[in-house]
Amino acid sequence: MPVRDRRLLVLTLLIVVVTGFAAYNYLLGLDRRVAVVVAAAALPEFTLLEPDALRVVHLPEGGVHPRAVSSPGELQGKVLMVPVEPGQQILVTQVRDPGTLGFDNQFVAVLGPGERAMMVPVPPGQAVGGGLAPRDLVDVIFVADEARLGFAFARVLLQGLRVLDVRGDQGGALTATRHDAAAGVVVAVTPKQAERLAFALEHGTLYLMTAGGREEPEVATQGTFLETLFDPEPAPERPVDGER
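Numbering (this note's numbering), first residue to last: 1 to 244.
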């Protein structure tokens, strides 16, 4: 075989080997799958991302966006800034921390229909020692100002209000990196609840208590007056047969 033909044959074999190796690596890459977080349903703009809004799928590595997220924990509590379709990958560039949003849309993601955000200006000593955080549920106790109302009493005013934020005295969200004092708690309320809170703030003192983020059934109370301050608390009702 002439030298030229042998060189051509070697070159052809080399091209075949390189092409085969590239094809093998490509097919191998199709089988290599990685975890990626996608939308579990259609999500509108300003959705507050919770676990039930997300799911994890395993996609071929080549089909995953470089800014995709692999763990739902990275997105929980973030606000989606663009609408996404079911199964669409959610990117780190598409979400924001609620505290970094402008004033106009800071609470839009966490307010339900008919709800408003209202600041309750209570110092830490009247708000669980400053231990409240967003998504906690709080009950409000009203203690009447005897000088204004003519008699003193205390009673649970509202129950199960959702904490949206804890604010500092400089107006921003209070975080571990800020050193301004706590000025109050922002809660989600209906307009009627807002009226009751505003009246109570003008005619007495408010205290907040919480069971954390756990929802509790509402408890009816009769209020406490000086005459009943030392009355024994009634024993809890015993469960009816079949409810144990």
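Warning: the hint list may mix true and false statements.
Claimed, not checked - Simulated pairs of lysine to any residue, SDA-like, Cα-Cα distance not exceeding 20 Å:
id, residue 1, residue 2
1, LYS78, VAL95
2, LYS192, GLY125
3, LYS192, GLU202
4, LYS78, ARG33
5, LYS192, ALA211
Bear in mind the hints are in silico, worked out from the structure with no lab data behind them. These numbers were taken from a predicted model, which means no experiment stands behind them.
Hints and how they fare:
no.: 1; hint: LYS78 <-> VAL95; verdict: holds, 6 Å
no.: 2; hint: LYS192 <-> GLY125; verdict: violated, 26 Å
no.: 3; hint: LYS192 <-> GLU202; verdict: holds, 16 Å
no.: 4; hint: LYS78 <-> ARG33; verdict: violated, 26 Å
no.: 5; hint: LYS192 <-> ALA211; verdict: violated, 23 Å
Of the numbered hints listed earlier, those contradicted by the structure are 2, 4 and 5.
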